[in-house]
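Residue numbers (the working numbering), protein chains in the order written: chain A, 1 to 237; chain B, 1001 to 1223; chain C, 2001 to 2359.
Simulated from the structure, these hints should not be mistaken for laboratory data.
Keep in mind it's a predicted model, so treat the numbers as computed, not measured.
Take these hints with a grain of salt, some might be off.
[To be verified] Calculated cross-link-like contacts (lysine-lysine; reagent style DSS-like; alpha-carbon spacing at most 25 Å): (1) C:K2112 with B:K1130; (2) C:K2104 with B:K1134; (3) B:K1130 with C:K2246; (4) B:K1128 with C:K2279; (5) C:K2106 with B:K1130; (6) C:K2022 with B:K1134; (7) C:K2104 with B:K1130.
Residues per chain, in single letters:
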Amino acid sequence: MTQLQAEQLHIAAAANLRFVLPELVAEFEQQTDHDVAVSYAASGTLTTQIQHGAPFELFMSADPHYIQRLNDAELTQGEAVNYAQAQLALFASNKSTLNVDEQLNGLQKALEHGTINKIAIANPRHAPYGQAARSALQQAGLWQQVQPYLLMAENASQVMQFSLTTSVDAGFVPYTHIIQPTFSSLGRFVKLDVRLQQQAILLRQSTATSQQFLDFIQTDKAHELFIKHGFLVMEDF
Amino acid sequence: MDWQAFQVSISLALLTCLSLLPIGLAIAYFLAKSNFIGRGFIEAIITLPLVLPPTVLGYFLLVGMDSNSVLGSLFVSLTGQNLAFSFVGLWFASIIYSLPFAVQPMLRSLESIAPEIREAAWCSGLSKWKTFFKIELPLAWPGIITAMVLSFSHTLGEFGVVLMIGGNIAGETRTLSIAIYDSVVSFEHQQAQSMSLILLAIALVTITLVYTLNRKQTRVAVL
Amino acid sequence: MLQVKLQQTLPTTLDVELHCEKGEVLALVGPSGAGKSTVLRCIAGLQSPQQGLVSCKGQTWFDSEAKLNKTPQQRRVGMVFQNYALFPHLTVMENIKLALDVDKDKHHHHGKQLLEQVNLSGLEQRYPHQLSGGQQQRVAIARALARQPEVLLLDEPFSAVDKVTRRKLYMELNTLRRQLDMPVILVTHDLDEAAMLADSLCVIHQGSTLQQGTPDKVLFQPNNVAIARQVDARNVFNGQLVLDDKSLKIQWYDHLIEVTNTAGFSIGDTVHWTLSPSKVLLHQRVRKSSGEHENPLQGTISEMVCLRGITTMILKIVQTDNRYLQMDLPEHVAMRNGLTIGETISVSLLADAIHLMSE
């Protein structure tokens, strides 16, 4: 399927790619003279849309399980590509007095002293970053203790929103969000040792252009941009 | 079926509709009797929650209930608890976004009572309070019931605002509509379906009630 | 005795003065917007003028000087509204009981009595929307009386019913008022109704009371031309008072009109004069009468209208620059004399019925 004219490439992208993808797209468009349109949403939402026939050619998910779902429904083409890993951060706004550290010691102390108000995470039931937050808390042995104080946000962005209110002591947010200058000045944060596998796959109605883009995000130039925005790439795994 | 979420939804809806009975009635009565220049503006403000998207409302409520805000800090000083992300916070938010559903029917109902009826009661010797309870309230009753039913069902079905300011806390801010949404997004369609059917059934019953009551109101000939 | 003085400049002008004795029916007449309902509302306490005084049976209800303003509940008024304002959710009996001011155990008895008084026995359990217009009006009156009021106020109580029902209600009101021992004020824009029911008539126009007196006096002897216009006086003319043979007469074009009452006027005054159409006497062809020498005039019948046994004729009087005179006579008289349009007839103007007015 070759086109003489450059047609618009439709990409479904997980919301955490909101800051890195525009730069990737700009670079791609410059290199290839193709036009790219991106729709950002929660990976689960995009999956449902694709299942109902949304005209996307490429799906960049924040969770491999959704891609598996689409595979099972025979809506995909070719193999899934692990193009990067996203990271999790713990963020406390300037209104909060909580100490943030990689081992979550500050959180543990606060829980023991009963000085915690609320801790925000994305809903682990369906949000990849929520599941990551749960892993982090389980690893630190705090998952049970933190239950009464948990605020569950609808998605990773809402965690950020909640974390900025006075009632919330800290929130588990995407690292790629919090390093953005607009947000990093609003409080203090620390990167946690939890990774989310980002996977991409061509969809049934894909074209040569989409293959081109899939190849592109695995190049060195693309890796530079991913790293700049807080992701980990193949070499670092 | 998340019975806890069901209970939260029902409690929230009941509390809201009961709170709106005196609040809505007071506002409706005040508006019905007033005729000053700013009246249309006040009516518009009350109707605002009807036209604003839940995101806007949610944003203002989030900011307004923050412990730093006037309201939030007042609540903390009175109760020691935070208003944001609590059932009480949700109750407060529900009162605001269901307010127009309570005030409008009550206002229309009160307005439809000819002023001479009130005056006739006064001339018959009834005090203003007695006139309200024996004459105006019974005549406005169908409108009041409609208001109660509408604010109950509207609160029951509210989603956007709860999503924005609730925090999805089980037993406290996880309402049935949130639970349904959670199930859908988690691809648990069976659960979503059964909860949705229950909500649908309740909505149908309440709306039918409203329409039946409205017919009754128009049959009472008010001069 | 009810005394009312009301003055106001804003939002509407009011300059009202009237009084009503107990047992008297005062009709307050005027066109729509004249302020009649406003007066009633001020008496009832539903509205207050900027200045004034309202007192009943020696008790002051409103006094702007003393800053006294009793609420409607504190006054004892029986008010019948234009649309009756019955409580739609209550039965007839309940409507009345609500206004009763006696012990609970006497409620039923008093209620029944009142219903009998207005000829509505048997309709206790009906709701207002199940009653006819006339029945509703009676309930409104019964409810007003239930309060044992010191004054009864009726705001155009007959305007909402048809003519046939109206006649019946007039009769009933006449009977009722003889049983009542309080001042009754009836507001109406219908002059005939006022003339029929009232002992005293008060004309109000643009917020000012112009004249109060018996219907005969106000309708046929209005104080001035403005009032004459308000009461629809049908023969109003101009003239000049001259001296003729030692008595004052009106110079009306080429005619000299004899007039008995000239008090307050002198020679040379320009006067307006009015005469009731029923005081114009026909010079009968069949039977001559003695009054034919008084102010004889000739006129051509330009219009004839018969209504309920009274024939109203419009005559173009000769030598008056086309002035028209209205006269009423019984239909049978018109028929007996074979009167038709276009004929010239002779009439007499009764001198003591001619009323002189100022501007």
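How the hints compare with the structure:
{"no.": "1", "hint": "C:K2112 with B:K1130", "result": "24 Å, holds"}
{"no.": "2", "hint": "C:K2104 with B:K1134", "result": "17 Å, holds"}
{"no.": "3", "hint": "B:K1130 with C:K2246", "result": "73 Å, violated"}
{"no.": "4", "hint": "B:K1128 with C:K2279", "result": "55 Å, violated"}
{"no.": "5", "hint": "C:K2106 with B:K1130", "result": "21 Å, holds"}
{"no.": "6", "hint": "C:K2022 with B:K1134", "result": "33 Å, violated"}
{"no.": "7", "hint": "C:K2104 with B:K1130", "result": "17 Å, holds"}
Violated hints for the displayed structure, listed by number in ascending order: 3, 4, 6.
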